[in-house]
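Chains A and Y supply the protein sequences, listed in that same order. Position 183 of the first sequence, counting from 1, maps to 182 under numbering that gives the first Met the number 0, and the rest follow consecutively. Position 140 of the second sequence, counting from 1, maps to 139 under numbering that gives the first Met the number 0, and the rest follow consecutively.
Warning: the hint list may mix true and false statements.
Identical copies carry no separate label here, and so any pair may be met within one copy or between two of them.
Straight-line alpha carbon distances no greater than 20 Å define the calculated EDC-like cross-link-like pairs of lysine to aspartate or glutamate that follow [claimed, not checked]: (1) Lys-263 / Glu-241; (2) Lys-179 / Asp-54; (3) Lys-264 / Glu-240; (4) Lys-179 / Glu-58; (5) Lys-207 / Glu-240; (6) Lys-207 / Glu-241; (7) Lys-260 / Glu-228; (8) Lys-64 / Asp-54; (9) Lys-263 / Asp-291; (10) Lys-260 / Glu-240; (11) Lys-260 / Glu-241; (12) Lys-77 / Glu-105.
Since the hints were derived computationally from the structure, they do not count as laboratory data. These numbers were taken from a predicted model, which means no experiment stands behind them.
Protein chains: 2
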Amino acid sequence: MGGDHGPAVTLPACRQFLDSHPDAQLLLVGRAEALQGFDHPRARVVPATEVVGMDDSVEVALRKKRDSSTRVAIQQVKEGAAQAAVSAGNTGALMAIARYLLKTLERIERPAIATQIPNARGGATTVLDLGANVDCTAEHLLQFAVMGSALVSVLNNDDRPTVGLLNIGEEAIKGGDEIKRAGELLRAAAAAGDLNFVGNVEGNDIFKGTADIVVCDGFVGNVALKTTEGLATMIMQFLREEFTRNPLTRLAAALSYPVLKALKKRLDHRRYNGAALLGLRGLVFKSHGSADALAFEQALCRAYDAASNQLLDRVRARIAHAAPLLAQPAPAPAQPAA
Amino acid sequence: MGGDHGPAVTLPACRQFLDSHPDAQLLLVGRAEALQGFDHPRARVVPATEVVGMDDSVEVALRKKRDSSTRVAIQQVKEGAAQAAVSAGNTGALMAIARYLLKTLERIERPAIATQIPNARGGATTVLDLGANVDCTAEHLLQFAVMGSALVSVLNNDDRPTVGLLNIGEEAIKGGDEIKRAGELLRAAAAAGDLNFVGNVEGNDIFKGTADIVVCDGFVGNVALKTTEGLATMIMQFLREEFTRNPLTRLAAALSYPVLKALKKRLDHRRYNGAALLGLRGLVFKSHGSADALAFEQALCRAYDAASNQLLDRVRARIAHAAPLLAQPAPAPAQPAA
Numbered sequence: 000m001g002g003d004h005g006p007a008v009t010l011p012a013c014r015q016f017l018d019s020h021p022d023a024q025l026l027l028v029g030r031a032e033a034l035q036g037f038d039h040p041r042a043r044v045v046p047a048t049e050v051v052g053m054d055d056s057v058e059v060a061l062r063k064k065r066d067s068s069t070r071v072a073i074q075q076v077k078e079g080a081a082q083a084a085v086s087a088g089n090t091g092a093l094m095a096i097a098r099y100l101l102k103t104l105e106r107i108e109r110p111a112i113a114t115q116i117p118n119a120r121g122g123a124t125t126v127l128d129l130g131a132n133v134d135c136t137a138e139h140l141l142q143f144a145v146m147g148s149a150l151v152s153v154l155n156n157d158d159r160p161t162v163g164l165l166n167i168g169e170e171a172i173k174g175g176d177e178i179k180r181a182g183e184l185l186r187a188a189a190a191a192g193d194l195n196f197v198g199n200v201e202g203n204d205i206f207k208g209t210a211d212i213v214v215c216d217g218f219v220g221n222v223a224l225k226t227t228e229g230l231a232t233m234i235m236q237f238l239r240e241e242f243t244r245n246p247l248t249r250l251a252a253a254l255s256y257p258v259l260k261a262l263k264k265r266l267d268h269r270r271y272n273g274a275a276l277l278g279l280r281g282l283v284f285k286s287h288g289s290a291d292a293l294a295f296e297q298a299l300c301r302a303y304d305a306a307s308n309q310l311l312d313r314v315r316a317r318i319a320h321a322a323p324l325l326a327q328p329a330p331a332p333a334q335p336a337a
Numbered sequence: 000m001g002g003d004h005g006p007a008v009t010l011p012a013c014r015q016f017l018d019s020h021p022d023a024q025l026l027l028v029g030r031a032e033a034l035q036g037f038d039h040p041r042a043r044v045v046p047a048t049e050v051v052g053m054d055d056s057v058e059v060a061l062r063k064k065r066d067s068s069t070r071v072a073i074q075q076v077k078e079g080a081a082q083a084a085v086s087a088g089n090t091g092a093l094m095a096i097a098r099y100l101l102k103t104l105e106r107i108e109r110p111a112i113a114t115q116i117p118n119a120r121g122g123a124t125t126v127l128d129l130g131a132n133v134d135c136t137a138e139h140l141l142q143f144a145v146m147g148s149a150l151v152s153v154l155n156n157d158d159r160p161t162v163g164l165l166n167i168g169e170e171a172i173k174g175g176d177e178i179k180r181a182g183e184l185l186r187a188a189a190a191a192g193d194l195n196f197v198g199n200v201e202g203n204d205i206f207k208g209t210a211d212i213v214v215c216d217g218f219v220g221n222v223a224l225k226t227t228e229g230l231a232t233m234i235m236q237f238l239r240e241e242f243t244r245n246p247l248t249r250l251a252a253a254l255s256y257p258v259l260k261a262l263k264k265r266l267d268h269r270r271y272n273g274a275a276l277l278g279l280r281g282l283v284f285k286s287h288g289s290a291d292a293l294a295f296e297q298a299l300c301r302a303y304d305a306a307s308n309q310l311l312d313r314v315r316a317r318i319a320h321a322a323p324l325l326a327q328p329a330p331a332p333a334q335p336a337a
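Construct all of the structure, not just a fragment, from the sequences and the given hints.
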């Protein structure tokens, strides 16, 4: 029901997904009248009478709208009726409801949102956290690194993905105490064979592809992601304006079409749509709210791949392996007082 | 002496700057043998026997290299022999030496680094802090807003530049306690006529040009800046590869030359080279270490403009006006223990 377009986008995406995944089944959760037109032997409507609005607070979503499509969908995962939930709706509400219903995994204090950003190597860098936690202790960052490694081992079929810790330049004053302590924990985890830690990375390394996984707190990750979206939008808009300026530039644009199309594809977030909510006792994926059918289908594929490849078991196994380090109590958690 | 290229870049930039500014005078601070070839009636060499390396720690720069070009240059400002200092060297050392010798302005606890980022409106957004302070209280962010407003009023000749507070999306869990408190302080400052505060902005607003000034802590600012540099580099590299792929794409590139040149110019950080170190009792500007002569000349022009337009007096006046708010004691400063 969620996202900027609702069923007008999600239903066509569901049909494409079912066509390309002959063993998949879908539960369509939402208002019956909005979904009942969808007829497919491997899809079934699970009715929910309410919808969490994009502007609804977490409190409203959790306490007032007890029959929301978000909540009913997560409930399907909790009950084992679904192997994963996918939503294009309100991110804060999705995370809060998922955390409330599913609970976090043992030794994970905070779930994280992990997304993929296309990089210069033609692949993608997985960055987490992207907004679930506005400030994090060193222990949280270690947990993110462990969970991110499990996710990327599934996505890239690589059992030793590299992890970098997002920090500021060497020539400037280096990160604060929590970041330094996170570096120590990550080095210890690498020494114990839990992680393939490559050290500090900087903002530009996300695009260089220096590490498969980049860990940071949710505030920093969110700002970095939105800043790059802003730059990409500015560049595409600029090219559009300049290439339509006069007949000569229009001719140049026509000749440049394959290049511009390739650039657009390279920058296309849709290919990587479907952020993972990691650290929960169930699989939940978040599609961008503005996703079109192609992008929403990607999020469905991502959830399908995660379920097929036992992502949850892999996360659990990695956490168990890293348990001695994860269990360390935080000496001085830098959490807000509230 | 500093930067990736040293006098090979800075001296040609100095000559161009002197040619275009007939009333300007330059003190060239550094090793005499490296600078003595520069002969100009309005330039004079001030010898310094040591150079702070790009990898030198702040401690080494401050305590061991007491006759460094950085230190001697700042000393010229302190003694009134120069109206501003410009360096392409080690940022951390420059900030530490400037702070040690010049001291911070009254009611300013921490200096900040302010830089300009080209935006979609064809102008530039001034962002601070860019790396001097890895975590900031609400009071620091207010101080940055006041100092940034003074800087932009000089750069843009606009007495009421708009200020935005960098935060994460509305749909995600909003920023931590310090950010919320900073929003309250900024609103109070706007009500008192000290600032033209437009509210929270997100990462993409830096490129949209939603506010003239965006304030954030130095860790977030540094990551955002380097992340966008990474994306811009990736895009330019991608276009270079794609446009040289075959004869047809080479023809397209030739026809697209004006567009690609305009894009390169739009993304060219050199046009905005010269970050201001704000909050000190003297004017100090930092050039990017990789600056070429054109870029370093920009940094010199920026310092010249700031001195000509009494930036320091304007910062002082704004601080005095906002004094009742700035003087508020921090209830619970979120500074690192160390």
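Checklist line | Contradicted hints - numbers only | finding: none
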